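If you're matching them up, the sequences are chains A and B in order. All letters in the first sequence, in the order written, are residues 623 to 926 by the numbering used here. All letters in the second sequence, in the order written, are residues 498 to 1005 by the numbering used here.
Hints are computed from structural coordinates only; laboratory data are not their basis. On a predicted model such as this, the values are computed, not experimentally measured, just so you know. The reader is advised that the hints may include incorrect statements.
For the chain B half of the interface with chain A, some residues (derived, Cβ under 8 Å), not all of them [unchecked claim]:
| id | residue |
| --- | --- |
| 1 | 665 |
| 2 | 669 |
| 3 | 671 |
| 4 | 719 |
| 5 | 720 |
| 6 | 721 |
| 7 | 722 |
| 8 | 734 |
Just so you know, even glycine gets a beta-carbon here, dropped at the ideal spot from N, CA and C.
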Amino acid sequence: MPAFVVRRLARLLVVIVGVSLVTFAILHASGDPVALIMPEAPEADRAVLRQTLGLHDPLPVQFARFVGRALTGNFGNSFFHRTPAFPLVIERMPTTLLLTALSMTLALAVALPVGIYSAVKRGRAMDQLATGTVFLGQSMPVFWTGIMLILLFSVQWRLLPVSGWDSWAAVLLPTVTLSTFTAPLLLRIVRSSMLDVIGLDYVRTARAKGVSEWLVIGRHALKNAALPLVTVTGLQFGLLLGGAVITETVFAVPGVGRLIVGAIRQLDFPVVQAGVFMLAMIVVSVNFAIDLLYVYLNPQIRVR
Amino acid sequence: MRPWSLPLLALVLVLALAPGADAQPKDTLTIALPSHAPTLDPHMHFERVGVLVNINMFDSLLHRNAKLEYEPSLATSWKALNETTWEFKLRKGVKFHNGDPLTAEDVKFSFERVTEPGKEKKKSPQYGNIRAVKEVRIVDPETIHIITDKPFPLLLERLVFFNIVPKKHTENVGDDAFGSSAPVGTGPWKFVEWKRDQYIRLEAFDGYWRGKPPFKYLVVRAIPEVATQIAEIKTGGVDLIRSVSADIMPELKVHPQTYVSSAPILRVHQIELDMRYPPFDKKLVRQAANYAIDKQSIIQKLMGGLGTQVATNVQPAAFGFDPDVKPYPYDPKKAKELLAQAGYPSGVDVTLHSGDVATRAYFEAMAQMLTEVGIRVNARMWDPGPAWNKLYQTDGKATNGVYVTWGNYSVFDADAVLHPLFHSEVGGWIGKHYTRVEGLDKLIDEGRSTLNKEQRKRTYSQIQRMIREEAPAVFLFTQYDTLAISKRVEYAARGDEWLWLFDAKPKR
């Protein structure tokens, strides 16, 4: 068991370093932040600023310095905010996590019952409706869904605030938007894995013994169908964080995603690096947790 | 029991209980900006979104009114004593939000915070605006002298948005707290609360020397997405949004909750041409490009009529504008002839770039027009960041020209566009990379080195005639800025794009 954990942790580290390296490379290929910070300044002033920001060194040196500092949680000062980048990210983290967690919960709350029902009543009107909705849901880009929901619920029916993050009512639309991004896929997984097990002998046996339908589905079938669902939920978490970037921008939610989008526009390297690092950390940690959960759900995995 | 009925029921309940789109309290004015500046300290950023907030909390020595004329503010009068010394008389009885009286010390302190005499590295990004200020001398408690290192005709323009902060308070709380939680000015609204990326909340200052502002509260929300801003103004979540584009304008014009207000602004559009490399090293080709573009139809069809053709990029509203210099007419036949004369009878291939998403449609239309006369354009769009790198930092071999819009930093003077765009000295912006016009540098220097208005006007006339003829750029048009405003608020767009909300009044 410890060997297993160590192996997963090592893999986690490789991913984090890889993500940082890619972010670093893309950022430095994308332009000169100094020209953006002081467009009208004489070259001499720019040289001074470049020196201050450490942008005059060769890229490998900059990357080494970046890694060295990142290990201590120091990502340097934001070019734009002129304060340390990492706290800017940490400050906004709870908002993004809350949005993501709420969306995941909502997605599961819809996907589980509807998926199970669809599987049990396969081919009925309800199943067809659900399958159709899945197609629809997966085809809609998040920003479009968000704006459509705003138009309906806020502009047309005046039920909810358009944007912001200062009341529970304001939280509702971004949460729904983001969950439409992931709920369809989860629903499909629930339905298909339920279908896989529902016809198996042990389920029939349970029924034959006279176990109530609730128990058959809820305990016997669902527990065995859960493994793929757990996998996908973990993977979807990363996608959700990606979706949060867009959702936060549409709904003016003060989260990490919006911070990163702004920072990319301003070529604010430290903030982008700190933000992407944090998001990568979360995705990797969630996947790590899922790996551990597997072991609990399916002891066979412990073997390899 | 149907499994989906429970979540559905919950949703219906939440919707029923939700407060709904917020009707705002009558005494609150809420505006939307795409983002907040990194600090509320007026000296430690140079972001328009920040300036728009700061000017409603802080005063400057001079004010510019809605007609774009100078008006006394913290200074009641001013005059140039000689080419490099200006005298300002300070207003008596002005109080800061914390009750401290305004003194000459505060004014001197404010300048020195930015100029930091004797220091090598300046921390304020606004240093460039007032770097000409060598010294601020207190003559008596009501009089100060500003001494510049050389004649600096733009001083008053710069002072209009140079805010005055309280010395004692700023030193007490420190720069960081001053910019985040304790900004104090003399302006119409004082600070209440700042929720980053959400809203800045301000409250009317009872002791304001101009009198109380008509709205008790001013809220500045940060909403990055344009579609969201529009939904907010339609539902009363905000009262004012900026930069409404031509395609959305008709809808907001007739909406029962909103109206629009437009004003011509200082932003001027042009295609800067790289004169160092063929084919734009030839004057005739540059002129051909100017004749090839049907500016009027772009203005009518793509800008909703809200634009004005210009002969050069000196704005009609800027000091030094010469109305006798006329725009290039649209004449594709003439363009073809000039191109042939220049040695390109069968046309020539060029690559033009743009990093400005907002004007993409204009850029593409112009690329087509140029192609039609034989200047075959490969039009490339970039993200603003990479564009910057590509177009202004490299030696220009990859490019023949770039579409840019220039906002003049709200300075109503010909120098504000001529120097960055055409001066070839190291400090220049595009000019140093692209422009090579014999004698132009010298004239631009001449224009900025005297306070004599007549002499400056003559110089700028000469420059305008020269650049119209030499065509270092394809000169296009100026644009308007359009605000959408809630019908419960009375306000009008300004030519400097400022939101001076002391002028905003509740309707009815």
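Hint-by-hint comparison with the structure:
A distance limit of 8 Å between C-beta atoms decides the matter here; for residue 665(B) the minimum to chain A is near 24 Å, and the interface restraint is violated. A cut of 8 Å between beta carbons decides the hint on residue 669(B): the least distance to chain A is about 20 Å, and the hint is violated. For the restraint placing residue 671(B) at the interface with chain A, the shortest Cβ-Cβ distance is roughly 13 Å, beyond the 8 Å limit, so the hint is violated. Here the hint on residue 719(B) is kept, as its CB sits about 7 Å from the closest CB of chain A, short of 8 Å.
A least Cβ separation of about 4 Å between residue 720(B) and chain A falls short of the 8 Å threshold, and the interface hint therefore holds. Interface restraint check: residue 721(B) against chain A, minimum CB-CB distance 5 Å, threshold 8 Å, status holds. The beta carbon of residue 722(B) comes within 5 Å of a beta carbon in chain A, closer than 8 Å, and the hint placing it at the interface holds. The interface hint given for residue 734(B) holds, since its Cβ lies 5 Å from the closest Cβ of chain A, which is under the 8 Å cut-off.
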